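Student: Below are the chains, spelled out letter by letter.
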Amino acid sequence: MRKIDVHGHLGVWNFPIPGGTAENLLRLCHRHDIVRVAISSVLALCYDMHGGNAEVARAVSEHEELLGYVYCNPRQLRESIAEMERYLPLAGFVGVKIHAGYSATTNGDQRMQDLMAEVAQRARVVKIHSDGPDAIEWIGRYAERYPGLAIIMAHACGGAYQEAARMAARHPNLYLEFCSSWAGAGRVRRALDLCGPEQVLFGTDMDLLDPAFVLGSYADAAMAPEEEQMVYWDNPVRVLGLSL
Amino acid sequence: MLIDANTSFGLSATDDTDYTLPRLLAVLDQHSVDLALTYSRRGRDYDFLTGNDETIAVCRANPRLWPVATIDPRRLIGCRDEVTRCAEAGCVAFRFFPDVQGWPIVFRPFLDLCEMIAEVGLPIILPAGGPGQQTLIGERVAPYGANILIVGAGYWCNGETAAVMAHCPNVFAECHLVDTPGTLETMGQHASFEQLVFGSNSPEVAFEPAYLMGVHADFTPRQREAFFAGNVLRFLGREAAP
Numbered sequence: 001m002r003k004i005d006v007h008g009h010l011g012v013w014n015f016p017i018p019g020g021t022a023e024n025l026l027r028l029c030h031r032h033d034i035v036r037v038a039i040s041s042v043l044a045l046c047y048d049m050h051g052g053n054a055e056v057a058r059a060v061s062e063h064e065e066l067l068g069y070v071y072c073n074p075r076q077l078r079e080s081i082a083e084m085e086r087y088l089p090l091a092g093f094v095g096v097k098i099h100a101g102y103s104a105t106t107n108g109d110q111r112m113q114d115l116m117a118e119v120a121q122r123a124r125v126v127k128i129h130s131d132g133p134d135a136i137e138w139i140g141r142y143a144e145r146y147p148g149l150a151i152i153m154a155h156a157c158g159g160a161y162q163e164a165a166r167m168a169a170r171h172p173n174l175y176l177e178f179c180s181s182w183a184g185a186g187r188v189r190r191a192l193d194l195c196g197p198e199q200v201l202f203g204t205d206m207d208l209l210d211p212a213f214v215l216g217s218y219a220d221a222a223m224a225p226e227e228e229q230m231v232y233w234d235n236p237v238r239v240l241g242l243s244l
Numbered sequence: 245m246l247i248d249a250n251t252s253f254g255l256s257a258t259d260d261t262d263y264t265l266p267r268l269l270a271v272l273d274q275h276s277v278d279l280a281l282t283y284s285r286r287g288r289d290y291d292f293l294t295g296n297d298e299t300i301a302v303c304r305a306n307p308r309l310w311p312v313a314t315i316d317p318r319r320l321i322g323c324r325d326e327v328t329r330c331a332e333a334g335c336v337a338f339r340f341f342p343d344v345q346g347w348p349i350v351f352r353p354f355l356d357l358c359e360m361i362a363e364v365g366l367p368i369i370l371p372a373g374g375p376g377q378q379t380l381i382g383e384r385v386a387p388y389g390a391n392i393l394i395v396g397a398g399y400w401c402n403g404e405t406a407a408v409m410a411h412c413p414n415v416f417a418e419c420h421l422v423d424t425p426g427t428l429e430t431m432g433q434h435a436s437f438e439q440l441v442f443g444s445n446s447p448e449v450a451f452e453p454a455y456l457m458g459v460h461a462d463f464t465p466r467q468r469e470a471f472f473a474g475n476v477l478r479f480l481g482r483e484a485a486p
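Chains A and B, in that order, are what the protein sequence lines are.
Numbering-wise (the working numbering), the first sequence opens with residue 1 and increments by one.
Numbering-wise (the working numbering), the second sequence opens with residue 245 and increments by one.
Incorrect hints may have been included.
[What the hints assert, rightly or not] One side of the interface only, derived from the structure: several residues of chain B facing chain A at Cβ under 7 angstroms:
1. Asp423
2. Pro425
3. Thr430
4. Gln433
5. Ser436
6. Val449
7. Leu456
[Stated by the list, open to error] Going by beta-carbon spacing under 7 angstroms, a handful of chain A positions derived as facing chain B:
8. Phe15
9. Pro16
10. Ile17
11. Thr21
In case anyone wonders, no lab produced these hints; they're calculated from the structure.
Small disclaimer: the values here were computed from a predicted structure and weren't measured.
Even glycine gets a Cβ: it sits at the ideal position worked out from N, Cα and C.
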C-alpha cells in the first residue's frame, strides 16, 4: 500500500546506522512503498539550524520523494522567522519542525510560546517533539489558540500517548504519529479508538529508525482497510496539503 | 522454523498491558511461532521460587514453550539450590533482571551464580542496560564460559553490543530493540551473523516490529534462517529443536 511518511530526517546519527544520506532515505522509501517522506535536518536539530535547513532544501529540490520541514529553534526566534520566510515559500516545503528536547526549551516555555505564535502566522503544519511539564496541556492550548495550524505530536508524545489521543479528540487540528523504539502492544489501536483514524498519521523517523520496525507497530493495530487508507495516505495528503 | 527467544507471561502491578498466558499463546498462534523461551513475571517481580514453579508448570502443559528460570541474587538464601532445582526440572536458561531489581552486574552473589550456572552447562540471559554494562558482561560474566544472550540493546548501545560480541564469541544479541536501518547487518559483519537472535518481547510489546526487521534485513537465506531459529538453538547448546 502506498504511504506518506510525516516524520523523517536527513543527516547522521552517532549510532551504528549506515546511512544519513538522501539516497538512503530513497532506498527505504522504495523498499516500503513510501511515496513521500517529510524530513527535517539532524544537523539543524543538534547544532546548526541554518546549515541543516540548507541541506534539507538541497535534498528536497533534487528528489521529489522528499518533502521539507523548516527546523525552528525557540532559542533563536529572529533567525527562525527568517528561516521560515526563506524556505516555506519554496516548492516541497510543507511545514515547520520543532524539537523541545534538542532545543532544551519545554512546550510551555515563553520562548516556545513566542515561536508558536510566529509559526502560526506562516505555516500550515508544525511537527513538535514535546518535552516538559504539562507538555500535552500546552499542545492543547496551542491547538486552541491557532485553530488554522495543524499540530503533529511527534511519537504521539511517547508514553503519554493516551493523554495525547484524548487531547486530539478535543481539538481537530491535533494529529499523532507513532514512530518509536517502544512498540508497546496495542498502543496504536488504543489511540485510534480514542481520537479516531482521521487524526492519526504515519511516521517512521527514518533513517534513525527502520520503517520495517515502525510498520510493525502500525500492523499491530490491525487497522481496517479504510483506516489504513486514512492513516497511510488520505490524512497526510490533507494535512501536508499535497496534490498527488 | 520460528523461535522467539524473549517472551513472558503473568501479571503486572505497574501497567495495563495484557501479559496473561492466553494472550501470549494467542500472539504465538497469530504469528506461527514454533517455539518460545518464556518466564513467569511473578518470578521477576515477586518471588523467583514460585515464579519458576509457574514457568515449569506452564511449559510442561504447553510443549512449544521452553522454560527460562529466574533468580534474584539479592535474596542469597536458596539461590544456589534453585540453580540445581531448575536445571533438573528442564529449564533451558537462567535469566536475570538487574535493571528491574536494582543491582549491578559486578555483584558477588550474582557472579557466584553465573559460575555455578556455567558449571551445570546452561546459558544466561541478561539485559543490555546502560552504557558500559554490556562491556562488563563481556569482561566479568562471559569468562565463566556459559553462553550469554544480551536482551534489549537498542540503537543507543548497539555499537557496544557488536563490539562485545566480537570479543566474546559466547555472547549473543537478542534483537527486539534493534530498530535502525542496516544495524542488524552491521552487527553481523562486525561480530558474526551467528550471534544474532530473534526475540519479540511479547506480549509486552507488539510482535511485528522485531519480526519485520528480520524479514526485511539484508540477510542471506541462511543468515535469516539462523536469525529466526538456528542461532538461539546454538545459544541453548542444542543442535536442533525436538
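Student: Holds or violated: is there a CB of chain A closer than 7 angstroms to the CB of Val449 of chain B?
Tutor: 4 angstroms, holds
Student: Holds or violated: Asp423 of chain B as interface residue toward chain A, Cβ cutoff 7 angstroms?
Tutor: Status holds, d = 4 angstroms.
Student: Verify the interface restraint on Ser436 of chain B: the C-beta must sit less than 7 angstroms from at least one C-beta of chain A.
Tutor: For Ser436 of chain B, the interface hint is violated, since the closest Cβ of chain A sits about 15 angstroms away, which is over 7 angstroms.
Student: Measuring from the C-beta of Thr21 of chain A to each C-beta in chain B, is the shortest one below 7 angstroms?
Tutor: 12 angstroms, violated
Student: Would the hint on Gln433 of chain B stand, with a C-beta cut-off of 7 angstroms toward chain A?
Tutor: 10 angstroms, violated
Student: Quick one, is the Thr430 of chain B hint okay against chain A at 7 angstroms, beta carbons?
Tutor: It holds, given that the least Cβ distance between Thr430 of chain B and chain A is near 5 angstroms, below 7 angstroms.
Student: Let me know if the C-beta of Leu456 of chain B comes in closer than 7 angstroms to any C-beta of chain A, holds or violated.
Tutor: 4 angstroms, holds
Student: With chain B as the partner, please determine if Pro16 of chain A meets the hint condition of a C-beta pair closer than 7 angstroms.
Tutor: Constraint on Pro16 of chain A satisfied, holds at 5 angstroms.
Student: Does Ile17 of chain A hold up as a contact with chain B if the rule is Cβ-Cβ below 7 angstroms?
Tutor: 5 angstroms, holds
Student: Quick one, is the Phe15 of chain A hint okay against chain B at 7 angstroms, beta carbons?
Tutor: 5 angstroms, holds
Student: Please check whether Pro425 of chain B passes as an interface residue: C-beta within 7 angstroms of a C-beta belonging to chain A.
Tutor: 4 angstroms, holds
Comparing the model with each numbered hint stated earlier shows that hints 4, 5 and 11 do not hold.
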